[in-house]
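**Q** Residue numbers (the UniProt record's numbering), protein chains in the order written: chain U, 1 to 170; chain F, 1 to 163.
By construction, these hints were calculated from the structure, which means they are not laboratory data. Treat the hints with care, as some may be off.
Stretch-level coverage of chain U by chain F, calculated; a stretch enters the list once three of its residues show a Cβ under 8 angstroms from a Cβ in chain F [unchecked claim]:
no. : segment
1   : 63-76
2   : 83-94
3   : 162-170
Restricting the straight-line Cα-Cα distance to at most 20 angstroms, the calculated cross-link-like pairs of lysine to aspartate or glutamate (EDC-like) are [what the hints assert, rightly or not]:
no. : chain 1 : residue 1 : chain 2 : residue 2
4   : U       : K59       : F       : D82
5   : U       : K67       : F       : D25
6   : F       : K41       : U       : E93
7   : F       : K43       : U       : D128
8   : F       : K35       : U       : D128
9   : F       : K27       : U       : E167
10  : F       : K5        : U       : E167
11  : F       : K38       : U       : E167
12  : F       : K5        : U       : D121
13  : U       : K116      : F       : D25
14  : F       : K27       : U       : D85
15  : F       : K43       : U       : D129
16  : F       : K27       : U       : E140
17  : F       : K38       : U       : D128
18  : U       : K116      : F       : E102
19  : F       : K41       : U       : E153
Values in this document were obtained by computation on a predicted structure and should not be read as measured data. Positions of the beta carbon are idealized from the N, C-alpha and C atoms, including for glycine.
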Amino acid sequence: MAAFLRSKCSSVGRTLMGGLGNNLFGAVNSSVETVSRPSHCDPIFQQIRTFIQMRTNLKVVDNSGAKRVMCIQSLRGKKGARLGDTIIGSVKEAQPRGKVKKGDVVYGVVVRAAMKRGRNDGSEIQFDDNAIVLVNNKGELIGTRVFGPVPHELRKKKHLKILALAEHIV
Amino acid sequence: MRLEKCWFCSSTVYPGHGIQFVRNDAKIFRFCRSKCHKNFKMKRNPRKVKWTKAYRCLHGKDMTQDSTFEFERKRNRPERYDRNVTEQTLKAISLITKIRHERQKKHITERQKQGKTKQRERDAKELEQDIQMLPKKVTLSTQKTKVVVKVSQQQTEENLMEE
Chain U
1 MAAFLRSKCS
11 SVGRTLMGGL
21 GNNLFGAVNS
31 SVETVSRPSH
41 CDPIFQQIRT
51 FIQMRTNLKV
61 VDNSGAKRVM
71 CIQSLRGKKG
81 ARLGDTIIGS
91 VKEAQPRGKV
101 KKGDVVYGVV
111 VRAAMKRGRN
121 DGSEIQFDDN
131 AIVLVNNKGE
141 LIGTRVFGPV
151 PHELRKKKHL
161 KILALAEHIV
Chain F
1 MRLEKCWFCS
11 STVYPGHGIQ
21 FVRNDAKIFR
31 FCRSKCHKNF
41 KMKRNPRKVK
51 WTKAYRCLHG
61 KDMTQDSTFE
71 FERKRNRPER
81 YDRNVTEQTL
91 KAISLITKIR
101 HERQKKHITE
111 RQKQGKTKQR
121 ERDAKELEQD
131 IQMLPKKVTL
141 STQKTKVVVK
151 VSQQQTEENL
161 MEE
């Protein structure tokens, strides 16, 4: 009978019934409602920062000619690529008369990732966006310039040329 | 070991703690904990959030001008290592910290004095207004009665003899 009443009542009524009864029906229900409500108006605040996986769009931060690349394969791990990893991508947007054109399948090194990455000193680093630098299958750079900040962890991954060309190393 | 300052609340960030956020113009924001990071993401101004150091300094809650702050200023010029100088510096750090804490305490006490005076005035006014609420027998000015006991020279001598 109580269950029937609960189902018929409104959300407020359900919460009250749950509070009055021995079970936590109402309490659970109310907590779910609060979680589902958007926490903040800012879209950045709501966005979940995760791995670079298939269909992730990345910004290209060199002068190879590509503007935007979509990841089609992560070359490391089961979940996806992170800061300093190599991926395979398809060029979705390119500048005219560039070294690569739209539709090309290219390799790229992730130089900035919005997902937090632990450092050797125990702190964590996080960037504003996901960005890559295009390389060939041997790991040599296609472009001749790298824009924006890059992390010094790339030294461990043997991408010394990227660090040499970078504007800022953080 | 490098001790950084949190961008939001200005507290010390020890190694192995906090998050470092790098904006695309290569500006680095260091946060001591997720509380500060979340507030930053919510675009909150640390000068308007009451628990931050920026707010406290801006509204005169904390000391802003003091000679002890000069020692803490960041210097980018490297110093040649000298053992004696290092030893003296480490001793000085603890001493200066102690002095700064004392001055901070004094500053807060001075700041709170005004409030205490105002509170006393308010209490007196309230007492004046609601004096009729007190029972008749209660006297506000309790006079302390002094009891004078005379001790003769003879009694003191007897006490000494007994000892």
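**Q** Do the alpha carbons of K27 of chain F and E140 of chain U lie within 20 angstroms of each other, as the hint requires?
**A** violated (28 angstroms)
**Q** Is the Cα-Cα distance between K41 of chain F and E153 of chain U 20 angstroms or less?
**A** Violated, at about 25 angstroms.
**Q** Within 20 angstroms, alpha carbon to alpha carbon, are K43 of chain F and D129 of chain U?
**A** holds (17 angstroms)
**Q** Need the status of pair K116 of chain U, D25 of chain F: alpha-carbon distance at most 20 angstroms?
**A** holds (18 angstroms)
**Q** Between the segment 63-76 of chain U and chain F, are there enough contacts, at least three residues with CB-CB distance under 8 angstroms, for the coverage claim to hold?
**A** violated (count 0)
**Q** Is the Cα-Cα distance between K41 of chain F and E93 of chain U 20 angstroms or less?
**A** violated (30 angstroms)
**Q** Run the distance test for K59 of chain U versus D82 of chain F: straight-line Cα separation, threshold 20 angstroms.
**A** violated (49 angstroms)
**Q** Within the assertion that chain F covers the segment 162-170 of chain U, do at least three residues meet a Cβ-to-Cβ distance smaller than 8 angstroms?
**A** holds (count 3)
**Q** With the threshold set at 20 angstroms, check whether the alpha-carbon distance from K67 of chain U to D25 of chain F stays at or below it.
**A** With a Cα-Cα distance of about 18 angstroms, the restraint between K67 of chain U and D25 of chain F holds, given a limit of 20 angstroms.
**Q** Within 20 angstroms, alpha carbon to alpha carbon, are K116 of chain U and E102 of chain F?
**A** Given that 20 angstroms is the threshold and the Cα spacing comes to 40 angstroms, the pair is violated.
**Q** Take the C-alpha atoms of K43 of chain F and D128 of chain U, compute the straight-line distance between them, and say whether it is at most 20 angstroms.
**A** Answer holds: K43 of chain F to D128 of chain U is near 15 angstroms, not above 20 angstroms.
**Q** With a Cβ-Cβ cutoff of 8 angstroms, does the segment 83-94 of chain U contain at least three residues near chain F?
**A** violated (count 0)
The structure does not agree with the numbered hints 1, 2, 4, 6, 10, 11, 14, 16, 18 and 19 stated previously, though it agrees with the rest.
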